[in-house]
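Undergrad: Single-letter residue listing:
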Amino acid sequence: MPGPVYIVGVGLTKVSRHFDKSLIDLFAEASLKALEEAGVEPRDLDAVVVGNMLANSLGSQDSLGALLATSIGARYKAAFHVKAACGSGGVAVYTGYSLVASGLADLVLVGGVEKMTDYPTPVITTALAQAGEAEYEVFYGASFAALNALMMRLYMEKYGVSRDEMSEWPVMMHANAEKNPYAQIRRRISREDVAKSRVVADPIRLLDSSPIGDGAAAVLLASENGLKKLGKKPDVLVEIAGVGLAVDTVELSNREELDAIPALRYAALQAYNMAGIEPKKLDVVEVHDAFTITGILSLEALGLAEKGKAAKLVAEGRFHPGDKPVANPSGGLKARGHPVGATGVYQVAEITMQLRGDFPGVKVEGAEYGLASNIGGDGSTITAIVLRRVR
Amino acid sequence: MAYRLSPARLWREKDSRYRLVGGMCRRCGRRFYPPRPVCPYCGSKSVERVELARQGVVETFAITYTVQEGFRDQAPIVYAIVKLDDGARVFAPLTDVEPEKVHTGMRVEAVVRRVRVDDDHGLIAYGIKFRPLRPAKSGQ
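Residue numbers (our numbering), protein chains in the order written: chain A, 3 to 393; chain B, 3 to 142.
Possibly wrong hints are sitting among the right ones.
Think about it this way: if two alpha-carbon atoms lie no more than 27 Å apart in a straight line, the pair counts; the simulated DSS-like pairs of lysine-lysine are [what the hints assert, rightly or not]:
1. B:K85 x A:K309
2. B:K103 x A:K198
3. A:K311 x B:K85
4. A:K160 x B:K85
5. A:K282 x A:K309
6. B:K85 x B:K16
7. B:K103 x A:K160
Not close to chain A: a few residues of chain B, all C-beta gaps over 12 Å, as computed [said to hold, decoys possible]:
8. R21
9. Q57
10. R133
11. P137
Only part of the chain B face toward chain A is listed, based on derived beta-carbon distances under 7 Å [as the list claims (entries may be wrong)]:
12. Y35
13. T62
14. F73
The hints are simulated quantities; they were obtained by calculation from the structure and are not laboratory data. Glycine included, every Cβ here is placed at the ideal spot set by N, Cα and C.
Between the sequences and the hints, there should be enough to build the whole structure, so can you do that?
TA: Spelled out as structure tokens, the structure:
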């Protein structure tokens, strides 16, 4: 069993169209907050892991580990960049966890950052599409929404789920985000608004889709030894109790199932086993709802709903604030926003705050266990991370 | 940046894009597309390349209005997962059909069609699309 890894600091920026802030500005804002919480100076870090998807394709920038670590004063430290499409942030946390758990590092900063809004939507659509398979999906001009729409139609037809039932997910996300100061969209919507919104890739509508936004999130990871180096002792200690990572074929055509996200089942099982818990122990989850269907399929893959049942359960009021577990009290990708390579780090930071009791939006009182699941592509690179409040 | 076409890149995929060549696993017998060095289902390394069945049914589809750069003049594009008669699944656009006429379970056949012209370099890319299969008329 790998040694304990604690989360001793978190930092977030609001997800927004930050026309006035660069990739470096966003990264520094979130990272310095996380370090400040723990009273750690950048020079005390052993390593910096960056999660990002689009800096190469949109921003013409590689060398992110060096660029961003030195921008916050961590020159001569280990630093590198982890990339797994929209799952980059979760894989960055997984990597940071590995560095600490292995004993290679005592203090690791994991920062996810994405700068998306400098270009018009078709340019961003084209860059995001690279999450798919280049020769047999991207080649044909398919957008990422199109690939997810294939899964949504199959799910709705196979399990007899109505448009109205599917629409409750984004309604719930917008309601949750209303109280989250870091959320990109803070206004309520109705099921009717969802059903009447513009068609992106039928059956996916605009209000089924996460928005385009800029943002950064950071978490500071510490080993038992790392705890001794903190300038400020955390009031509540949160540990990473289990991690899982599983991949599936990038191309939808070679998957075993199209009405499910099977790799998430495998990733979650690893994380549950490592944490020694069953899904019913979870008080709060932050799942990857890039589209409504992704959120619904995530609940099923995590073992929180039977196959084909999650959308109906959400429509009946399950997973809303007050239930166990609460799904996406942040507002999720749909309304907190989805700065793609940063999203997985946002989720882990939000769950950490829920367990500490200081999340500044919808609170899950007394939460002991939480899970963050982040998805790269339409189900190809998946992380599941279980957090536990230790004391 | 949109998928950048290059002569070598197009040439390498010609068998799969022009003749629907996929993989067939000698161990589990399943067929798959695109072909892969190892069977994606059972992990066997004993895989051969075969021409797949050219007819199948639409398993699911998406009528897509937001497409990548270079495809906006073709929107809406109907993308589908087609389950071929030999069991392999193929992702491809549908052609020769009004989007509102498409339904799951619809029988279709594979054709080779133009996919995109690279305006910068003048390269034309061809690939697989599926069109509705018309029932054979009696007496012909």
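Undergrad: Tell me, which hint numbers fail for this structure?
TA: Nothing - there is no hint that the structure violates, so all of them hold.
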